[in-house]
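Keeping their order, the protein sequence lines are chains A and B. Counting along the first sequence from 1, when you hit position 54 you're at 53 in numbering that gives the first Met the number 0, and nothing is skipped either side. Counting along the second sequence from 1, when you hit position 362 you're at 361 in numbering that gives the first Met the number 0, and nothing is skipped either side.
Among the hints, a few may not be true.
[Said to hold, decoys possible] 16 Å max Cα-Cα, derived EDC-like pairs, lysine to aspartate or glutamate:
id, chain 1, residue 1, chain 2, residue 2
1, B, Lys193, A, Glu60
2, B, Lys193, A, Glu48
3, B, Lys439, B, Asp384
4, B, Lys193, A, Glu58
5, B, Lys300, B, Glu289
6, B, Lys193, A, Glu47
7, B, Lys7, A, Glu60
8, B, Lys225, B, Glu352
Everything labelled a hint here was simulated from the structure, so no lab data went into it. No experiment lies behind these values; they were computed from the predicted model shown.
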Amino acid sequence: MSDIQQRLINCFSVVFPDLSADEIPRAGSASVAAWDSLATVTLVSVVEEEFGVTISAEEYESFVSFALVRECLEGKTAHA
Amino acid sequence: MKLSEALKIARTKPPAGAGKLKVYLACGFTPLHLETFLAAHLCQLSPERDVEIQTGSYGDLRGNLARLGESRCDAGAVVVEWSDLDPRLGLRSLGGWGPKILEDIETNVAASASRLLRLIEEAAQAAPVALCLPTLPLPPLSHLPSAQAGAHELALQRAAQDFALKAAAVPGVRVTSQQRLNESSPLAVRLDVKSELTTGFPYRLEHAARVAELLARLVQPRPPKKGLITDLDDTLWRGILGEDGVGGLTWELDRRTHIHALYQQLLAALAESGALVGVASKNDHALALEALGREDLLVRKEELFPLEVNWGQKSQSVEKILRAWNVSADAVVFVDDSPIELAEVKALHPEMECLLFPKDDEQAAYQLFITLRDLFGKQELLEEDALRAESLRRAAEFESRAQDAPSGALEDFLAHVEAEITFAPVDAATEARAFELINKTNQFNLNGARLGESEFRAALRRPGAVSLVVSYRDKFGPLGKIAVLLGRVENSTVKVETWVMSCRAFSRHIEFRCLEYLFENLKVSEIEVAYSPTPRNGPAREFLAQFLDEGPDGACRIRRKIFMSRKPALFQKVNSVSHVRHPATID
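Given the sequences, and given the hints that come with them, work out the whole structure.
Shown next as C-alpha cells:
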C-alpha cells in the first residue's frame, strides 16, 4: 500500500469514524450518508493538514470520493 | 493540537454516568473547526464530563447571544470578530474600503460594541461567559502605508480595548488574554482567506486551536496549585551557602545573578496571593535562617513556611512540608536547580509538578516564572488568601499544643482556646470563597463532587435551599471562612449534598458544631448526607461513622437523638449572621 493511500485512509477514518479501513477506499459521497458539505470541508482541512498542501476551491469538486481525492493528491505531489 | 487529533478527542466516549458539560459557542461566523477544537480542549480539561457544544446561526451574533442566555448551558464561549462589529470589516461584505466610510465604521463599531456588551451582561447572569474579542487583522482599509498606524485603525483598536475592559468588569465574564494569544498565534497567520470566502470560517487551523484552548481554559479553569516548595542554593539565590557563606550569596544585576531576585520577587507575589511557599534545602539550619534573614532578600522569611533545612533526603523534607500544609502532592510545585533532586522527589510524589530552575539560562528561567504564574493563577483574590500562610502557622501551633495535651485532655484544651464560629448564608459577600472551597477541598468533602458556576447558583436558588458558610477564629488567630455546606430542606429532613471543610480547620470540632447548628436551627429530626467515598475523603467518612451503626458506604442519615448523645462537648461561641436558608427561598 502506498504512503499516500495509507495516510489518506487515516484522514478518512478521522472524518468518517464509522467506516472501516476496507470500506474507505470505496467510499464516496453518494454511498456514505455522513458525507455532507460539512464533512467535505472537514475532510479538506484534515487532508491539507496531513499532506501540507492547499486545496483550491476548484479542487473541492474532487472531494466526492476516495479515489478522486487520491488522484488529486497524487497530482499535487507529482508536481511538488 | 491538529484538527485530526481534535476530531478524535472530541469523539472520545465519556465514562459511563458522566455528567454533561454543556457549552454554548456564540459567534457570528461558521463555528466549524473552532467548535471541534473547543470540544476537544474541554474534553481534555474535563475527561470526567460528557462535553456538548451548542451553536447558533451564521451571521447573527446578537441573536446567538440571546440564545446563549436562554440555553441553560453550563457556560458560554463568545467570540467577537471585527465583522460582528461592522460587516465592512470582514471579507464577505462589499460595503467599501474608501476613506469616506472610515468615520462611519468607527461610529458603528462603538455602537455595536455597546449593544453586544449589554447582551453579554445578560447572558452572564445565566451562566459564566468566556469572551474572545477581535483576533483577526483589520482589512486593508487605510490609505496609509502599512507600516504606519492611522487614526482610524487606532480608534478601532481602542474601541476593542474599551469593549474588553468593560466586559472584564462584568461579573461572570472572563476575557481571553490577547497577550497569551499573541505568544502562540502570530497575527500574520491567523486569517484564512480561502476558508472565509468558501465556508465562512475565517481562522486558520492553528489559530482556531489556540483560540479554542484559551476559551476552554476560561470555561473550565483548572484549580490553582496551592503550594510551592523551593530549594535555596542556586535557586532562591546564587551561591552555595555552605561554601560561600551568608555574605557570598547574590541576587544582583551587577553580579549577573538578578534572575534569582526576580524569582524571589515572584515567590513574594505568590505568597501575597495566597500560595503557600515552603523551603526544602540540604543545608545547615542555623546558617540558612541567617541567610533568609538578610534584609535585601525580596521574599520575607515570614512568608516561607515551613523551612525544612537539613542534610536528609529532599523527598523526606517535601513529605514533611506536605504534612504541615496538609495538602496533597498534586496541588504542589517543587522547584530546584538539581535534576537529581527533582527526580528523587518526583519518584516519591509522581503527581507533583517538579520544575527545574535553570540557573544558567535567564530566558528559560523567565519562562519558568510565566509557567508558575499560570499554575497558581486564580480568578479572584479573597480575604482568606492573605490569611492562609499565617493561619497555617497558627494551625501548626494549634496542632502541636493539642497533641501535647495529656491523653483525654483534648476537650479541656479546646475549652480554653476561646473559639468563635460564625455561620452565614452563601451570599454576595461569601459566594466567591464558598465556590472556591467546594472546588478545591478533597479530604473533608462529602463526595468529591465539583460544581460548575451555573450548578452552584442553581443549588442556591432551589426551593428549600440551605447554605452555610462557616468562619472560625480562636486565640491563635482567625482561620477565615473554612467550611461550606449546601443542601435543602424537605419535610423534617435536611438533605446535605455538599459539605467541605478546609484541612486547616481539623481537630477543632467545627464539623460537630455545624450539624448541631442545623439540627437546632432547622428543627429537623434527621439529616440526610450525600456521602460517597473518594480516594481522599477519609476524614469525612470517619466523622460520619461516629453516628452510624455501620459504614457509611454511601448516602446516609444522621438522627438527631444519636448525634446529640454522641457528640463531644462543644465550646465554640456561635455567631449567626442570619438564617441559614437562602434568602431567595425564605417564604
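Here is what the structure says about each hint:
1. Lys193(B) with Glu60(A): Roughly 15 Å separates the two Cα atoms, so the pair holds.
2. Lys193(B) with Glu48(A): 15 Å, holds
3. Lys439(B) with Asp384(B): Holds. Lys439(B) to Asp384(B) sits at ~14 Å (cutoff 16 Å).
4. Lys193(B) with Glu58(A): Given that 16 Å is the threshold and the Cα spacing comes to 12 Å, the pair holds.
5. Lys300(B) with Glu289(B): 10 Å, holds
6. Lys193(B) with Glu47(A): 13 Å, holds
7. Lys7(B) with Glu60(A): 26 Å, violated
8. Lys225(B) with Glu352(B): 12 Å, holds
Checked against the numbered hints above, the structure violates only hint 7.
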